[in-house]
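Following the hints, complete the assembly by docking chain L onto the known chain A.
Residue numbers (the numbering used here), protein chains in the order written: chain A, 1 to 452; chain L, 1 to 452.
No wet-lab data here; the hints were simulated from the structure.
Each pair may be met inside one copy or between any two copies, as identical chains are not told apart.
Straight-line distance between alpha carbons at most 30 Å, and here's what the computed DSBU-like set of lysine-lysine pairs gives:
no.: 1; residue 1: Lys16; residue 2: Lys349
no.: 2; residue 1: Lys417; residue 2: Lys130
no.: 3; residue 1: Lys149; residue 2: Lys159
no.: 4; residue 1: Lys349; residue 2: Lys48
no.: 5; residue 1: Lys149; residue 2: Lys161
no.: 6; residue 1: Lys23; residue 2: Lys199
no.: 7; residue 1: Lys80; residue 2: Lys16
no.: 8; residue 1: Lys43; residue 2: Lys417
no.: 9; residue 1: Lys24; residue 2: Lys149
no.: 10; residue 1: Lys199; residue 2: Lys24
Here the structure is a predicted model, which means the values were calculated and not measured.
Number of protein chains: 2
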Amino acid sequence: MYKDMTENQILLLVIKNLKELRKKEFQLLIDELQPYDIANVYKNLPEKHRHKFLTYLTAQQIASLIQELESELQIEIIHKLGIERSSNIMNLMENDDLADLLGNLEVEQIQDFLSTMTADESRTVQSLMKYESDTAGGIMTNRFVWIPKIYTVRDAVDKLKTFAGFAENIYYLYVIDEDKKLVGVVSYRDLLLGDMNDKIEDIMYNRVISVPADLDQEEVARTIERYDFIAVPVTDEENRLLGIVTVDDILDVLIEEANEDIEKLSATGKSIDFQTSALVASYRRLPWLILLLFIGIMSGSIISAFEGTIERVVALTYFMPMIAGMTGNTGTQSLAVVVRGLVSQDIDKYTITRLIGRELGVGIIIGATCGLLIALVAFIWKGSLTLGLVVGSSLFLTLIIGTLAGTLIPLLLYRLKVDPAVASGPLITTINDIFSLLVYFGTASLFIHQLL
Amino acid sequence: MYKDMTENQILLLVIKNLKELRKKEFQLLIDELQPYDIANVYKNLPEKHRHKFLTYLTAQQIASLIQELESELQIEIIHKLGIERSSNIMNLMENDDLADLLGNLEVEQIQDFLSTMTADESRTVQSLMKYESDTAGGIMTNRFVWIPKIYTVRDAVDKLKTFAGFAENIYYLYVIDEDKKLVGVVSYRDLLLGDMNDKIEDIMYNRVISVPADLDQEEVARTIERYDFIAVPVTDEENRLLGIVTVDDILDVLIEEANEDIEKLSATGKSIDFQTSALVASYRRLPWLILLLFIGIMSGSIISAFEGTIERVVALTYFMPMIAGMTGNTGTQSLAVVVRGLVSQDIDKYTITRLIGRELGVGIIIGATCGLLIALVAFIWKGSLTLGLVVGSSLFLTLIIGTLAGTLIPLLLYRLKVDPAVASGPLITTINDIFSLLVYFGTASLFIHQLL
Numbered sequence: 001m002y003k004d005m006t007e008n009q010i011l012l013l014v015i016k017n018l019k020e021l022r023k024k025e026f027q028l029l030i031d032e033l034q035p036y037d038i039a040n041v042y043k044n045l046p047e048k049h050r051h052k053f054l055t056y057l058t059a060q061q062i063a064s065l066i067q068e069l070e071s072e073l074q075i076e077i078i079h080k081l082g083i084e085r086s087s088n089i090m091n092l093m094e095n096d097d098l099a100d101l102l103g104n105l106e107v108e109q110i111q112d113f114l115s116t117m118t119a120d121e122s123r124t125v126q127s128l129m130k131y132e133s134d135t136a137g138g139i140m141t142n143r144f145v146w147i148p149k150i151y152t153v154r155d156a157v158d159k160l161k162t163f164a165g166f167a168e169n170i171y172y173l174y175v176i177d178e179d180k181k182l183v184g185v186v187s188y189r190d191l192l193l194g195d196m197n198d199k200i201e202d203i204m205y206n207r208v209i210s211v212p213a214d215l216d217q218e219e220v221a222r223t224i225e226r227y228d229f230i231a232v233p234v235t236d237e238e239n240r241l242l243g244i245v246t247v248d249d250i251l252d253v254l255i256e257e258a259n260e261d262i263e264k265l266s267a268t269g270k271s272i273d274f275q276t277s278a279l280v281a282s283y284r285r286l287p288w289l290i291l292l293l294f295i296g297i298m299s300g301s302i303i304s305a306f307e308g309t310i311e312r313v314v315a316l317t318y319f320m321p322m323i324a325g326m327t328g329n330t331g332t333q334s335l336a337v338v339v340r341g342l343v344s345q346d347i348d349k350y351t352i353t354r355l356i357g358r359e360l361g362v363g364i365i366i367g368a369t370c371g372l373l374i375a376l377v378a379f380i381w382k383g384s385l386t387l388g389l390v391v392g393s394s395l396f397l398t399l400i401i402g403t404l405a406g407t408l409i410p411l412l413l414y415r416l417k418v419d420p421a422v423a424s425g426p427l428i429t430t431i432n433d434i435f436s437l438l439v440y441f442g443t444a445s446l447f448i449h450q451l452l
Numbered sequence: 001m002y003k004d005m006t007e008n009q010i011l012l013l014v015i016k017n018l019k020e021l022r023k024k025e026f027q028l029l030i031d032e033l034q035p036y037d038i039a040n041v042y043k044n045l046p047e048k049h050r051h052k053f054l055t056y057l058t059a060q061q062i063a064s065l066i067q068e069l070e071s072e073l074q075i076e077i078i079h080k081l082g083i084e085r086s087s088n089i090m091n092l093m094e095n096d097d098l099a100d101l102l103g104n105l106e107v108e109q110i111q112d113f114l115s116t117m118t119a120d121e122s123r124t125v126q127s128l129m130k131y132e133s134d135t136a137g138g139i140m141t142n143r144f145v146w147i148p149k150i151y152t153v154r155d156a157v158d159k160l161k162t163f164a165g166f167a168e169n170i171y172y173l174y175v176i177d178e179d180k181k182l183v184g185v186v187s188y189r190d191l192l193l194g195d196m197n198d199k200i201e202d203i204m205y206n207r208v209i210s211v212p213a214d215l216d217q218e219e220v221a222r223t224i225e226r227y228d229f230i231a232v233p234v235t236d237e238e239n240r241l242l243g244i245v246t247v248d249d250i251l252d253v254l255i256e257e258a259n260e261d262i263e264k265l266s267a268t269g270k271s272i273d274f275q276t277s278a279l280v281a282s283y284r285r286l287p288w289l290i291l292l293l294f295i296g297i298m299s300g301s302i303i304s305a306f307e308g309t310i311e312r313v314v315a316l317t318y319f320m321p322m323i324a325g326m327t328g329n330t331g332t333q334s335l336a337v338v339v340r341g342l343v344s345q346d347i348d349k350y351t352i353t354r355l356i357g358r359e360l361g362v363g364i365i366i367g368a369t370c371g372l373l374i375a376l377v378a379f380i381w382k383g384s385l386t387l388g389l390v391v392g393s394s395l396f397l398t399l400i401i402g403t404l405a406g407t408l409i410p411l412l413l414y415r416l417k418v419d420p421a422v423a424s425g426p427l428i429t430t431i432n433d434i435f436s437l438l439v440y441f442g443t444a445s446l447f448i449h450q451l452l
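Next comes chain A alone, as it looks inside the complex:
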């Protein structure tokens, strides 16, 4: 009955139910909503209704609501609920989300919460909190189902039934041996097709793909993407099963990593979104800009070195911004190709040599085309064949240099184990400014007598 209602209609109905104290109608409505939708209702709910809203929800519903919210609102809810009710709800949360939430609280508060949890739960959450948040350990959950390899299909189905309400992922069952080592995996599909008396050991898949707990989340994403998995198990050095990473968390990882690449490529600085204040955004953007400012001053000293040339042929300055700009542009293009390529490719010497050769080829083709065009324009505009030749051949050279700089700098950083995306577009552009000015005025100085 609520199927075709818009978000706003739902919000209004929720407020109506809250005002008229109709808890039953309220629950009927909430029951039909997804956690994401409930979170949206909460976000748009006027402050004065939020407390009542929370008292009308079940603990399980609050747990899934919290998991959909940003940390600010999560903490608001924790405060509204008080420590006791919050603890009950934390017991119902996925452990990976819970570890993240606790990570945002103050140390004292964390202690308070951990002390109210069951010993088991508290130990688990603490162990999850010790992994870096961008590793397999940091994004794994331990709400999964494992079975000993001596189980039959019937045993497995029984265990699955008990855990279906609790586990985040019930599509794969991980099989362990006496030493708790991961030895196999069985999918729900296998159970469905197997005979009730089949031994798990006989129907399980042996070559389990797993990831170590300290693996970078980007690598975990790559594994799941390659194998089209819904989840991947996480193990310690001894191949003991620690948890699983599910595909829904991987979707978030992919979005986060792409955003990070773009932030670095544009030298934007960390996580600026539409909500960031002007002061914070400026503070994050300024370090790069100031660095680039000082590199930019170097271009000034190059020009001052060629002051004599410029004073004699002022027309040279006309093409200066264009040449510097074009060199920066090709550099940015090459940079983007290399940075994105490094994300999805395995890199060996052969690949790199071929890539550099290819970009050299691109530089020559692009340089020749644009050089010829600008030579023609300069010749027609200023009527000087020499000026055309100087501008054209400079652009030819600088475009080759720009392309190579955009290729070599990120590769070098990659080799030095620095994230190649640090070589942002603005940095490449600024460095290329300097190269291009040197080449341009150098060439012009060679032909200064013909230019006069």
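Positioned in the frame of chain A, the structure of chain L alone reads:
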């Protein structure tokens, strides 16, 4: 037993088995591999072994192998197998992958293949081929399980068993009414916890989230990501169920879309990777570069208009590339923030007004900081307070303009329903070059008498 072998060891063992005609050992090994790994073996296999390799695989194995390969290798296999065996294999492929594969063949070949398929299969594949490849219809599969709402849990489990080997996703069952309209969804979890005699109608979830067939794949990805789904159903205008989109395809969509954003932001042109030839890469990169070249020439004519000013104060040229560069850099930063923000945010008037205000604030803060710094540098370097003031105040103004241009241009494009990422970094940089030259020389001309 093959669990701890490296990729190379597996490859060598495969070749050994092929050479010694040990089909049984070959199958034992292949059985333990994932489709992705089998595809890797095939890619690295010397050409002379490939034909035998294919004859040793079962039709089902070839079907999953093909799905992991790029279209070039797919077509190679089709040719190696001949039309009859290929058709058998195509019948076993996921329909969305098959539609993509056929889309890469020539029309005649497509006709040949379609004619060898069962009428049902051929009709389905043809209907899949009619959707744009970047829409829900283009990435959906029709290997899913649907049940009528009058079924009991027992009926559903029986149907699931029959289809478990065939369906791409057996974790959700979609429920339809007499008119084939989508009315609910039941998860494997619900079946597991339900009683065998429960009616599906009573335990199903009514508020099914579905997407229309012509929805952009990026929007489909957003839906799956928001709701943490493993699959989402695709419906026509009448709410009839057409297919499902699974999360593994969404991972590919996210990677593809992030790459596209970066390509556009860096004006790289479509899909250049490490394998693209220099000629093709140049061809894809040149259109933007040539456009930027001509915009760059405009900056030349601006400078020529201020020739008199430059001739009198050559030192002005020292700061020209730095000012143009810095304006471009802030513009690129703002652009990246806006473009990425537009991907993940819902946009309304309020958000936009606030964003523009925020960026204006950022421009003022950044402009004041950098302007002050460069004024000091210019004053100390050239000993002229006026020059310091001209350079500093110009940078202050151009950084504000640059920030706003980097914000307003993508927003304007978004408003005009053009992809905002088209306003690439290089384009913003080039446009900002022009703004900055006008401001810089304009300011300088105002103070020309003090500068002399």
